[in-house]
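Residue numbers (the numbering used here), protein chains in the order written: chain V, 1 to 117; chain A, 1 to 1047; chain B, 1 to 305.
To be clear, the hints were calculated from the coordinates, so they are not data collected in a lab. Quick reminder that beta carbons are idealized off the backbone N, C-alpha and C, glycines included. Certain hints may be false.
Claimed, not checked - When the alpha-carbon atoms are kept at most 35 Å apart in a straight line, the in silico DSBU-like pairs for lysine-lysine are as follows:
hint : chain 1 : residue 1 : chain 2 : residue 2
1    : A       : K896      : B       : K288
2    : V       : K116      : V       : K104
3    : V       : K113      : A       : K27
4    : A       : K350      : V       : K113
5    : A       : K896      : V       : K104
6    : V       : K103      : A       : K27
7    : V       : K113      : V       : K103
Said to hold, decoys possible - Computed footprint of chain V on chain A; a stretch qualifies when at least three of its residues, placed anywhere within it, have a C-beta under 8 Å from a C-beta of chain V:
hint : segment
8    : 147–153
9    : 175–186
10   : 455–463
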Amino acid sequence: MKLVMVLGAALMLIGFWGLITRRNMIKMILSLAIAETGLQLIMIAVGYINGGTAPILDSAVDKLSAVQQVVDPVPQALVLTAIVIGVAVNALMLTFIIRLYQKKHSLNISDYKDMKW
Amino acid sequence: MVNPIFIPVAALGMAFLLPVLERFGRKTVNVLFFLTLGFFTAASLIWLNDFFMANSPVLRVFTAGFKPPLSINLQVGSQEAMLLAAINVLSLAGAFYLLPHLNVTGLKARVLFLLFTLGMNGLVMTRDIFNLFVFLEITSIASYALIGMDVRLKSLTAGFKYMIAGSLASIFLLFGIILLYQASGTLNIDGMIASGVTLNDSPLIQGAAFMLFLSLFIEMKQFPANGWALDVYQAAHPGISAMISAGSSGAIFFALYKIFPLAGENWYLAAAITGSTTFVISNLIALRQRQVTRLLGYSSVGQMGLLLAALGFGFYVNRGRDNYAFILAALFFNHFFAKAGLYWIAGIVKKERIEEWSALRRNPVLLFLTGLFILALLGAPPFAGFWGKWALIMNLGREDTFWGVALLLFGSLLEAAFLLRWFGLAMRGATHDDIQPSPAVREIFVTGLFALISLTLGARFGYMRLTADLWTYVFPLILAAILFLFEGFSVYLRVMASLVVMLFFGFYLYPLEQGLAFYFSLIFIGGGLLMLLATLYQPRRSAGYYPLLVLMFSSMAVLTASKTQLGFFMNWELMTFSSYLLIIRGKKSRKAAWLYALFSLGGALAMLAGFSVLQLIRPGAELLADLAYAGEYGGVIFTLISMAFLVKVAALGWHIWAPDAYAEAEDDLTAMLSAILSKAGIWGLLLLAVFMGAPLWHSLSLNTVLGWLGTLTAFFATLYAIFQEDAKRLLAWSSIGQVGYIVMGVAMMSHLGWLAALWHTLNHFLFKGLLFLAIAGVIHRTGTRNMYEMGGLIKRMPFTFFSVMIGIIALSGVPPLTGFGGKWLLYEALIEKGWYLQAGVAFFASTIAFLYCYRLIHAIFLGIPKPDQLQVREAPFRILFPQYILIAFIFVFSLKPAWLLKPLSAMVAPYFTPTLGWQGDTAVSSLGYWNGTVMMILVVFIFALVLLNLLWMSRGSKKVKPFNIVYAAEKPDRPQTTHYAWHFFTPYQRAMRPLLKPLIRHFWQGVGEWTATGGSVLRRIYNGNGQSYAMLILLLAIILFALTAGA
Amino acid sequence: MDGIVLKVVYAILSLILIFNYGMLVIGVTAKIVARAHGRIGPPFYQPYIDLLKSISMRTSVHHGVMFWLGPVFRLTGGIGLYMLIPAVYGSEWLQNFSFSGDLILVIYFIFFGMLGMALGAGESGHPFSAMGIMRGLAHTTASEVPFALAIIAVAAQYHTLSISDIVAAQQGGIGHWTLMTNPLATLAGMLAYLGMMMHSPFDLHMAPQEIPVGPVTEYNSSYLALMQSNRSIFASAKLILFMNLFFGGATSIPEMVVKTFLIFFFCVFVGVVFPRFRVEQSVRWFLKLPTMIGVLAVVIYTVHG
């Protein structure tokens, strides 16, 4: 699980790097999405118990010792929610980009500096 | 009791239902929309009532019937109820305000608005940290969409930048949450706090806390990671900005407040540092800002910083946390309602640049509301911000956190600088075009409602703070409110009403005061009455004039009756703000009033700092009398508090505001400022001396410093006075100088010295009131203030001439009039004290005073008349009458100085052993003696004899016009050109040149320019690029890491 | 009541004395100056002739009430000033009304006549009047500075501001005079005195009195007579003041006459030797050397406590 965590962290860093180096707004959003994915990986890794099973109470799990056996269900629920929210935000951002492109025909973030100081 | 769960249920249900119901038409949709919001508001108001009136237990709701950690729980207690009430009222009012905008943007806007409201409600209610994240996202997404809804380039750009920042913040937040969950095994905030999870030192957990708070700090728009927020505030529809600035920021702040116990010691400090830095820097940068919505943005960001700082300090210093709940609530709600109101007004006025806001002048209601909200933001009494700031600064003092005091006060001053400049432009800027704001009733209604709430809240908070003598302290406000009812009636009625309430107030105060306090309140109230009478000479008066006048005079009178520091400070501020609002009524007084307000506020803030230092030595000290226990900190406290008073008396170095303000204020107001208002500073200095004596700064006695300050003020102000061409400006400098003598007297800390000060206080009131009123009459008739544009008016205005003549004789201290009494006491005291050099300088100054006295009377009344002024009439009786009352007083005290001097001597006796004795009517000091009565009789007698003699000798004398006899056979063609008045003292100016460099003015100009330059350098970081803003967010992360990892 | 009547009678006698003394001093001085210039000069009783001439002028004009009152103020100022100064130490009838105030009152009363005069002359409307007054006032402010410092030093020295007490403290021979006990103050005071007498080199102006431009040109006949009377009284009063402050006062009329004449002669002498200053020159001159000396005199007492 360490590996997944490291992987997740690496993805996040890649995402941040992309966010502050790519000038293309779509690439910036993709970078954010990459960072989010990395975070989601970490989240799942956090709840995982080595050798555990899915958090469903059925015959495979002894009800009394379930807590030791199953993977923590909460992070998984959280990840689901986080994914949904992330998708929503990304979609909204893309809409904004489309609108912005219609206005100024540019995807370069540096072209949108009308307001400053 | 309403179950809190219905809030999300109703919001979500309606959000889904509205698209379905769209077919029934816009009206149905709107009705349902408002019903939902109305339900929220009603529910939260019911909760508010239950918790505050009925003391209900805290409401807790658990989803699915489980207890945490298995379920999510919502909680509504008293704090939540307050927040919810505010937020839902804001939503309802905001939606009402935004109605046309929402109608244009369509149904989805209303759905988003509902979700936005739901998000804010959820943020406040939830006790589950992941749920908090979800509500935060709901709020954010709804607001992104609301911002971009109007599809303008600006709002889209701003929205996009906001989204990048928001996404980063949510990544950090989620990261923090999951790590904390892993460590504590719960998502419930109370559970986390109870488990003490963050007390663990492990890097993982500290990292989790770091992520969590970093995210919320970004959402709180902390410097430097706040460029996106500024763009949003600037670009969004002002109605939306109001919702974000007040509503969602507020909800996020409450969320932070909820989870802040999770933070460790170093985070408290980090919050305090970041918050106060943000407060200072935002306000600093805003100095150069001309765009109204962005200006408000800077102010909003700054206020968020202030709140975060207060929160940080509250936890950092550990003691008295209950008190901090009060502070946070006061600061929060103050900002909440005022900022929303200001954004709404910005939306009504629709002028982008502050210079264009002069259009507001045509709309008194809007102007009034703008002023009200700005005063609220500045923390003027009675608004909640005032009480909050007072309590915060006192707490900081008690806990020895003076860097916090310094930062917060400096930030406040900067905030005042740009907000008041904006207000000044609205009030007195040049009008550019004729497009006037045309507010809808709906818009005025919600804005007015918020103004009312602001005031009510302020009163409520004030009621909690002012524990003793409540009625005395708030009396001025009540009187002003009463007079407000008389607006719109004739001037006579308004003056009459003012006189009645002031008299009533006088009777109320009468039994409360004796000694010095009585003397000063007599001057404040009695003088006020007389001056109110004089205002009658103008047939028309703008709205608000009399309420403000009464507020000014009565708050000054309360200063003399104040026992507590808070009561004193409150009325000091009331006096400052009311006089500012009065000064700015002058036609060209925009800059002058601005300077006055800045210097006064700077002084008041220094006073606040002084009181907070006292808290360190005497925690919980509330009385002014506690100043006596200042001990080793005496020097610091004395210096700080005296700043406020030195500004008011316009002592050298703090006098920059005075000449302009006196000159540009309305003519009768100037009389009040000079004759009465400046004495408030004297009263303050006396009060300090009574309680603190003459403290030492290291080995230097502060009263020596004060004495020299007074001396130099007297000297330089007098010197400047003689070169003025403008009569009022001349008298203004003269006032500064004369009050300098009073300061000298106070500083001497001796019986005679104080007698001199007290005598001169009254006397200066008499003759300066007389002179300013007389000049007001002249200006009224001639329409100019420039002395060289007048001449020979003695023939047209003999009564005014007599006033001025008596005035200058009394001023210059020539016996036998009262002025001499002041001089005599002063020099006796100075020589007795051993201040020989000061006496020499004072004497020099008083001889120089002859120059401007003569110039004043000669240029206006003597010499050759101007042809267009040959038909000028005598000043109106209504302004002459008060002058002759003053003259009567001057003569009475000239003839019988003992009538004044003996009671004064008794007043000073409790503080110093009397060194002034009496032999009949002769006052005997340790050095000399003076019999004013004999002197008066002697002079009158000789004068009469000489007069009779001349009458007899000049029987056949013939009256001629000027130039009927000519010198050197020359009779000028246009005699008026020979009136010698302009640049009267040129040779003197040449002689004195080395002393006339305006060094102090240059110094303050430099301070102003450097501060503004600092702001414009700093604001370069907001380069408009969304990517740079993302980098700045990472920079904030690094800064916070450095701040928190150290410990 | 008898006391008051007696005092008034004494005061009137004292006034007559000083008036005539002043007239003669002016006359004699004019003679001496003329001799120094190598002229014969007017007779010593010339001031009386001038006065009579002014009074008996047939034409008399004035410009208005204030113009009319100017000389009244002026003469009241002169007489009042004299009345406040004890002329001869120990003499009952030359104490005048000095019980009504101390040195501070005296200094400030000097301005009474000047101010009234300036107001009166101002109403004449002639620009030269205003100009003369401007010069006079400007000059006065500067020359008063060393004078004030000298007085402060004297007050610090004797711990009193009462003129009688200051004179009393100087009794017992020349060694007790302020001249000897406080030379710095005396020096500052006497330099200031040059300016206050408004003789050359400081006759650049003089509001009320003597130059061809200024009030004197506007005043005529009986108005001028009043001013001429004042000149003698006012000048004598000032001489007596300086005598009292620095030169031990006088215990008899002859002593007073000798001392005041010598003091007056000092300024006449300087006036004959030096040419006239411009306004700014005079102001700066007084603010430099004499003021420095005065400051020094005062600082000595500040340091010694």
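Going down the list of hints, with the structure as the test:
| no. | hint | result |
| --- | --- | --- |
| 1 | K896(A) x K288(B) | 41 Å, violated |
| 2 | K116(V) x K104(V) | 18 Å, holds |
| 3 | K113(V) x K27(A) | 40 Å, violated |
| 4 | K350(A) x K113(V) | 23 Å, holds |
| 5 | K896(A) x K104(V) | 85 Å, violated |
| 6 | K103(V) x K27(A) | 33 Å, holds |
| 7 | K113(V) x K103(V) | 14 Å, holds |
| 8 | 147–153 | holds (count 3) |
| 9 | 175–186 | holds (count 6) |
| 10 | 455–463 | violated (count 0) |
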